[in-house]
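A.B. asks: Top to bottom, those sequences are chains A and B.
Residue numbers for the first sequence follow our numbering, so the first one is 1 and each next one is one higher.
Residue numbers for the second sequence follow our numbering, so the first one is 1001 and each next one is one higher.
Source of the hints: derived by calculation from the structure; they are not laboratory data.
Any given hint could turn out to be false.
Just so you have them, the derived chain A footprint on chain B, three or more residues with Cβ under 8 Å [claimed, not checked]: (1) 1072 to 1080; (2) 1179 to 1189; (3) 1214 to 1222.
Pair ranges (Cβ atoms, derived) [stated by the list, open to error]: (4) Ala133/A - Asn1064/B: 53 to 59 Å; (5) Pro1287/B - Asn40/A: 23 to 29 Å; (6) Lys1129/B - Arg106/A: 39 to 45 Å; (7) Pro1287/B - Ile75/A: 39 to 45 Å; (8) Thr282/A - Asn1064/B: 19 to 25 Å; (9) Asp138/A - Met1289/B: 31 to 37 Å; (10) Gly1265/B - Gly169/A: 43 to 49 Å; (11) Arg1047/B - Arg37/A: 54 to 60 Å; (12) Gln1206/B - Gln256/A: 31 to 37 Å.
By construction, the Cβ of each residue, glycine as well, lies at the ideal position given by its N, Cα and C atoms.
Protein chains: 2
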Amino acid sequence: MARSRIAIIGTGLIGTSIGLGLAARKEREFEIIGVDRDRNHVREAKRLGAIDREAGSLEEALENTGLVILAVPVIAARKILQDAPPYLSPGAIVTDTCSTKADILRWAAEFLPESVHFVGGHPMAGREKSGPAGAALDLFRNATWAITPSPRADEKAVGVVLGLIESLGAVPLYIDPAEHDTYAAAVSHLPILISVALFRMVRDSQGWEDASLLSGPAFRDLTRLASGDPTMSRDIMTTNREAILHWLGRLQTELQTVRKALELGGEPINDLFTSTQFDRDTFIANPPMRRRPEGPEAPSSQDAIGRLFVGGLYDKLKDVTTRTPTTSPRDEAELRRKLGIEDDGRTR
Amino acid sequence: MARSRIAIIGTGLIGTSIGLGLAARKEREFEIIGVDRDRNHVREAKRLGAIDREAGSLEEALENTGLVILAVPVIAARKILQDAPPYLSPGAIVTDTCSTKADILRWAAEFLPESVHFVGGHPMAGREKSGPAGAALDLFRNATWAITPSPRADEKAVGVVLGLIESLGAVPLYIDPAEHDTYAAAVSHLPILISVALFRMVRDSQGWEDASLLSGPAFRDLTRLASGDPTMSRDIMTTNREAILHWLGRLQTELQTVRKALELGGEPINDLFTSTQFDRDTFIANPPMRRRPEGPEAPSSQDAIGRLFVGGLYDKLKDVTTRTPTTSPRDEAELRRKLGIEDDGRTR
Chain A
1 MARSRIAIIG TGLIGTSIGL GLAARKEREF EIIGVDRDRN HVREAKRLGA
51 IDREAGSLEE ALENTGLVIL AVPVIAARKI LQDAPPYLSP GAIVTDTCST
101 KADILRWAAE FLPESVHFVG GHPMAGREKS GPAGAALDLF RNATWAITPS
151 PRADEKAVGV VLGLIESLGA VPLYIDPAEH DTYAAAVSHL PILISVALFR
201 MVRDSQGWED ASLLSGPAFR DLTRLASGDP TMSRDIMTTN REAILHWLGR
251 LQTELQTVRK ALELGGEPIN DLFTSTQFDR DTFIANPPMR RRPEGPEAPS
301 SQDAIGRLFV GGLYDKLKDV TTRTPTTSPR DEAELRRKLG IEDDGRTR
Chain B
1001 MARSRIAIIG TGLIGTSIGL GLAARKEREF EIIGVDRDRN HVREAKRLGA
1051 IDREAGSLEE ALENTGLVIL AVPVIAARKI LQDAPPYLSP GAIVTDTCST
1101 KADILRWAAE FLPESVHFVG GHPMAGREKS GPAGAALDLF RNATWAITPS
1151 PRADEKAVGV VLGLIESLGA VPLYIDPAEH DTYAAAVSHL PILISVALFR
1201 MVRDSQGWED ASLLSGPAFR DLTRLASGDP TMSRDIMTTN REAILHWLGR
1251 LQTELQTVRK ALELGGEPIN DLFTSTQFDR DTFIANPPMR RRPEGPEAPS
1301 SQDAIGRLFV GGLYDKLKDV TTRTPTTSPR DEAELRRKLG IEDDGRTR
């Protein structure tokens, strides 16, 4: 029974939603323990049934715990990785849900003992409302969940995290941490800045009162990310600045192109809207394939977490996921070249 | 029975949703007739129960019709206003749902006979999916519906359109057409360009395949408007170009400020996220007041449309809405000054 415990460090929107999903498992054999710097958050998570028990300290949360889930902003995760080693059991599996992955993998390698398995993760999910009050059992249903195992993590550890992901209804996507950060900057981090800029633009204008009266779902949807947790956003910008600046530059160029089309009027702007509608509708109707593990050898989501506590190993793990884990970062120069980033970080 | 007919010209997302709302009225005394350049759209609207009958021509749709709803892109509406006069009954009420209001008011004054009452309208509602297939009975529930009566429209006509708005569960907002276009450019039209620019930026990059695999709700929500009807978007840009260019310039400035904060790091970016989260949460929690008509004299949404056909007049109409209709455009110079637009259209 020594390892039949899962700890959720950080019971905000993501941590509490994970807890709700784990707690809903039938005949579960593990205890869910939660801890949060904000006592109100952990109490709320307990009240919602997302955790069984509140830990009074990091030590209490980590002691005899088989699976540790760091669901905190990335800079806070660094501190926890620094502080955790004395309390972690040998063989413990540590995963996270942070929005950037390269730094956290580096810190895990730097601070965690070799006996601990770190498997990075990032669920591509969110809600307008942050904190445990926004949590939901189905937050991760069909969401992509990026998975970035450390080179030291063994297959069992990767299998447990895969099981966690699958049991929450999400779809795992193996990706190299540097690639993750580059692309997340485009589809997830830059959008935060867009939401913030659009909201500030209208809010700080003299027409705010009238404009806000007139605003509807378009303004609400496009500024949603401006209501995200500011610490999380700040940490994203701190740990992924270069890539975000790269995409911000591209967006600025794109807006300048749109401006020219608008000034010209007629065909250019018509073509822009027509081709973009076509491309986006195609993307929405046929989203890129994220195949679930399949075949007789595949772990089922029912078994995956359970095996954590019976010591089972997954065979042929690499066969059952769409991509093999990249254990060493790809050639960064190649990635930069692919993206058109010059060595000084500017866009070509 | 001569006037117990409502015509919906254009059975796309908005027109079909209006039809669904009208058709759901209990004990309705009117027929709903629909027409669309796209025969598939009007057949789909009929199949969904949004219209009772398909008209084969504009003439057939307008003949003996008391209320005409133009739910088409704004340039198409111009053509209909030009073609309609021979078929419109004296006393007919014409309203529209177009995204820009100044031009349509001008065209209504230019083309419609004095015996016809034009009351402009713009529901602030939308969905990812355009066309009748995206239509929904509750599309307008609690949505702001801008209302811009022409100076010639009488109180009864305004009352009927108010009744239409209220019976669909929306909240009317009186606004001057020029003001509408200026603020809609900020909260509704510029967001279309942002969605298009963000989608194109990622779609046209070499990393599209990986980035799209990783994309989640943030990318989906922020690019939603790129799936809007391209003709509608083009017409918006054509009829409201100056205001949209103004706000696009402001957004470009705002993004440059965000870039500087990001390059500096630390406090500036932290302050930006913290203050913006606070301001947006405040806006969402306490949206600006759009009071519904109240008091014993107020028309109820049950009665409003019904009275169209019994010839009732609303008394004290101006008392029951939050703003009195502005029958003459506000001093444009004042508006431009308020917004910081110089006479050459540039931002100060």
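A.B. asks: Can you let me know if the beta-carbon spacing of Lys1129/B and Arg106/A is within 39 to 45 Å?
C.D. replies: Because 43 Å falls inside the window, the suggested range holds.
A.B. asks: Confirm or reject the coverage of the stretch 1179 to 1189 of chain B by chain A under the rule of 3 or more residues with a beta carbon closer than 8 Å to the chain's beta carbons.
C.D. replies: holds (count 8)
A.B. asks: So does Pro1287/B sit 23 to 29 Å from Asn40/A, Cβ to Cβ?
C.D. replies: Holds: the Cβ-Cβ distance is about 26 Å, inside 23 to 29 Å.
A.B. asks: Quick check on a hinted range of 43 to 49 Å for Gly1265/B and Gly169/A, using CB atoms only.
C.D. replies: Violated - the Cβ-Cβ distance for Gly1265/B and Gly169/A, about 37 Å, lies outside 43 to 49 Å.
A.B. asks: Can the stretch 1214 to 1222 of chain B be counted as covered by chain A under the rule of three residues or more with Cβ-Cβ separation shorter than 8 Å?
C.D. replies: holds (count 9)
A.B. asks: That 31 to 37 Å hint for Asp138/A and Met1289/B (C-beta), does it hold up?
C.D. replies: Given a distance of about 34 Å, which is inside 31 to 37 Å, the answer is holds.
A.B. asks: Is it true that the C-beta distance of Gln1206/B to Gln256/A lies inside 31 to 37 Å, as the hint says?
C.D. replies: violated (20 Å)
A.B. asks: Given as covered by chain A, does the stretch 1072 to 1080 of chain B meet the bar of three residues or more with CB within less than 8 Å?
C.D. replies: With 0 residues closer than 8 Å to chain A, the stretch 1072 to 1080 of chain B misses the three-residue bar; violated.
A.B. asks: If I claimed the Cβ atoms of Thr282/A and Asn1064/B lie 19 to 25 Å apart, would that claim hold in this structure?
C.D. replies: violated (44 Å)
A.B. asks: Could you say whether the range 54 to 60 Å given as a hint is met by the Cβ separation of Arg1047/B and Arg37/A?
C.D. replies: holds (56 Å)
A.B. asks: Just to be sure I understand the hint, the distance between the Cβ atoms of Ala133/A and Asn1064/B should be within 53 to 59 Å; is that true here?
C.D. replies: About 55 Å separates the Cβ atoms of Ala133/A and Asn1064/B, which means 53 to 59 Å holds.
A.B. asks: Would you say the C-beta atoms of Pro1287/B and Ile75/A sit inside 39 to 45 Å of each other?
C.D. replies: Distance hint for Pro1287/B, Ile75/A is violated at roughly 33 Å.
The structure fails to meet hints 1, 7, 8, 10 and 12 from the earlier list, while all remaining hints are met.
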